[in-house]
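Chemist: Dock chain B against the given chain A, drawing on the hints supplied.
Number of protein chains: 2
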Amino acid sequence: MTERVEVRQNVLKENDRIAMELRGELSRRRILCLNLISSPGAGKTSILEDTLKAMGARGRSVAVLTGDIQTERDAERLRRYGFPALQITTGGTCHLDASMVRRALTEVPLDGLEVLFIENVGNLVCPASYDLGEDTKVVVLSVAEGDDKPLKYPGIFRRARLMLLHKIDLLPHTRFDREAAKADARRVNPDIEVLETSCFGEPGLQQWLDWIDERVREKKNGKEGVRSRQQAAGS
Amino acid sequence: MTERVEVRQNVLKENDRIAMELRGELSRRRILCLNLISSPGAGKTSILEDTLKAMGARGRSVAVLTGDIQTERDAERLRRYGFPALQITTGGTCHLDASMVRRALTEVPLDGLEVLFIENVGNLVCPASYDLGEDTKVVVLSVAEGDDKPLKYPGIFRRARLMLLHKIDLLPHTRFDREAAKADARRVNPDIEVLETSCFGEPGLQQWLDWIDERVREKKNGKEGVRSRQQAAGS
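Chains A and B, in that order, are what the protein sequence lines are.
If you're matching positions, the first sequence starts at 64 in the working numbering and goes up one per residue.
If you're matching positions, the second sequence starts at 64 in the working numbering and goes up one per residue.
Here chain A stands alone, though its shape is the one from the complex (with noise of 0.2 Å):
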């Protein structure tokens, strides 16, 4: 088993330099990086699909590499709202890792983008351990898993800026408590923020909407570049 570990070790650390290689030239031509996790089913097309009609409709420039392990389905539903769509597809592997997304970045035209939208495969376990070259990951939450998700995969919520407490439409046909969720989250994550969300009907995405506007601003007065290579440091 320790050799297992040591190949482990090797194969994030060469992830690491490929993900800082790809942070430093993402940041230098100011374009906010987004990576997308969470587990199967939980609506992370869906929002993506939203997400880009209304991207769109603010005049963003913006394009999306989603990872899956087999099929080019999220890259068709995506490529219907005008924006360079690239699937990613692992053969088998239970997560994106930065040479791959290097890769992909060769197919999508850099000059004048503004946010790159990372969905990674969905697993709630391994993609939280590579490192993209992102600004900040995001972790998905459908309120159908239930709420004690925070606490037995902490590994994403405690490295995510953001949690989407999503499909929140469904809250009265479950058992899901929001608060509990919210407060173990926070209990891995104090800094993590939190947002409802659905795609249909209130609140919709409104507020994730903002969010994504407020990053990218911060990114081009070069915050966001600042406290993203802090959490790198830190992580």
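Source of the hints: derived by calculation from the structure; they are not laboratory data.
Hints may contain errors.
Partial list, derived from the structure: chain A residues whose beta carbon lies under 8 Å from chain B [what the hints assert, rightly or not]:
id : residue
1  : G104
2  : T134
3  : E135
4  : R143
5  : N186
6  : K215
7  : Y216
Label pairs and their computed distance ranges (CB to CB) [claimed, not checked]:
id : chain 1 : residue 1 : chain 2 : residue 2 : range
8  : B       : E77       : A       : P235      : 40 to 50 Å
9  : B       : G155      : A       : G87       : 24 to 34 Å
10 : A       : R249      : B       : Q72       : 38 to 48 Å
11 : A       : P235      : B       : Q133      : 27 to 37 Å
12 : A       : L234      : B       : D174      : 38 to 48 Å
13 : A       : R280      : B       : Q72       : 45 to 55 Å
14 : B       : G154      : A       : E77       : 16 to 26 Å
15 : B       : E88       : A       : K116      : 55 to 65 Å
16 : B       : R143      : A       : T169      : 52 to 62 Å
Built from N, CA and C at the ideal position, the CB exists for glycine as well.
Modeler: For chain B alone, coordinates are given in the frame of chain A:
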């Protein structure tokens, strides 16, 4: 990366060796072993709570091993039903492996045991690759997760004998297409059995409980062992 692939293959080979020993031991004792796999929050622990309650009423002798990355919560929930329930805390690892199960089984009284449930770590990817010596893997798919999961995570749907289409009570509140999900599951695994289940109201867990009873009977007659060995050889 070749070094990494080699280490992974060695780990899986060693895992398969231990799993084969476990399968032999459980088979000699005519203990049915079911390995439940799903995304985080699909409902495995709730299903097991209701299952243990029913097994008690039916006079069955059962035990549970429940895997989690950090907390002891699931075992605490499951211990209330009067059967042995052991937590396996993986400390960051995203799946159970056969050696963890072997270690945990030293603390479970096996004499007279009829069913051993293993609740895997919530993850639709990695647990599929690890044989735990079970008779069969059972994949739980919540309708809140979306009907595209069988094609997006084919590994587990290919290896499971049974799919529980769970939280079926939420169906009216989702865009989940149950016929599409079943058809896709059968595309990756023509032999997969499907049951619709819910822990709230109709249809409940009756069919699942009957399915277990049928497997216990087969196991006692020695049929199940033959099938599971064939499956293991072909996987």
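Chemist: Take the hints in turn and mark each one as holding or not.
Modeler: These are the hints, each one checked on the structure:
For G104/A, the shortest C-beta to C-beta distance to chain B is roughly 3 Å, which falls under 8 Å, so the interface hint holds. Against a cut-off of 8 Å between C-beta atoms, the interface hint on T134/A holds, since the closest Cβ of chain B lies about 5 Å away. Below 8 Å, beta-carbon pairs count as interface contacts, and E135/A has none with chain B, the closest being about 10 Å; its hint is therefore violated. This hint is violated: R143/A has a C-beta 16 Å from the nearest C-beta of chain B, more than the 8 Å allowed.
With its C-beta approaching chain B no nearer than about 6 Å, N186/A sits inside the 8 Å limit, and its interface hint holds. With a cut of 8 Å, the hint placing K215/A at the interface with chain B holds, because the nearest CB-to-CB distance is about 5 Å. The closest approach between the C-beta of Y216/A and any C-beta of chain B is roughly 6 Å, which is under the 8 Å cut-off, so the hint is satisfied. Checked against the given bound of 40 to 50 Å, the beta carbons of E77/B and P235/A, roughly 48 Å apart, stay inside it.
Range check, G155/B to G87/A: about 29 Å between beta-carbon atoms, so the 24 to 34 Å window is met. At about 42 Å, the beta-carbon gap between R249/A and Q72/B stays in the expected band of 38 to 48 Å. Our hint of 27 to 37 Å for P235/A and Q133/B holds, since their Cβ atoms are close to 30 Å apart. For the pair L234/A and D174/B, the beta carbons lie near 46 Å from each other, so the given range of 38 to 48 Å is met.
Taking 45 to 55 Å as the suggested C-beta distance range, the pair R280/A and Q72/B conforms, at roughly 49 Å. One distance hint, 16 to 26 Å for the beta-carbon pair G154/B and E77/A, holds here, with the actual separation near 23 Å. At roughly 56 Å, the beta carbons of E88/B and K116/A sit within the given window of 55 to 65 Å. At about 55 Å, the CB distance of R143/B to T169/A agrees with the hint of 52 to 62 Å.
Checked against the numbered hints given earlier, the structure breaks hints 3 and 4 and satisfies all the rest.
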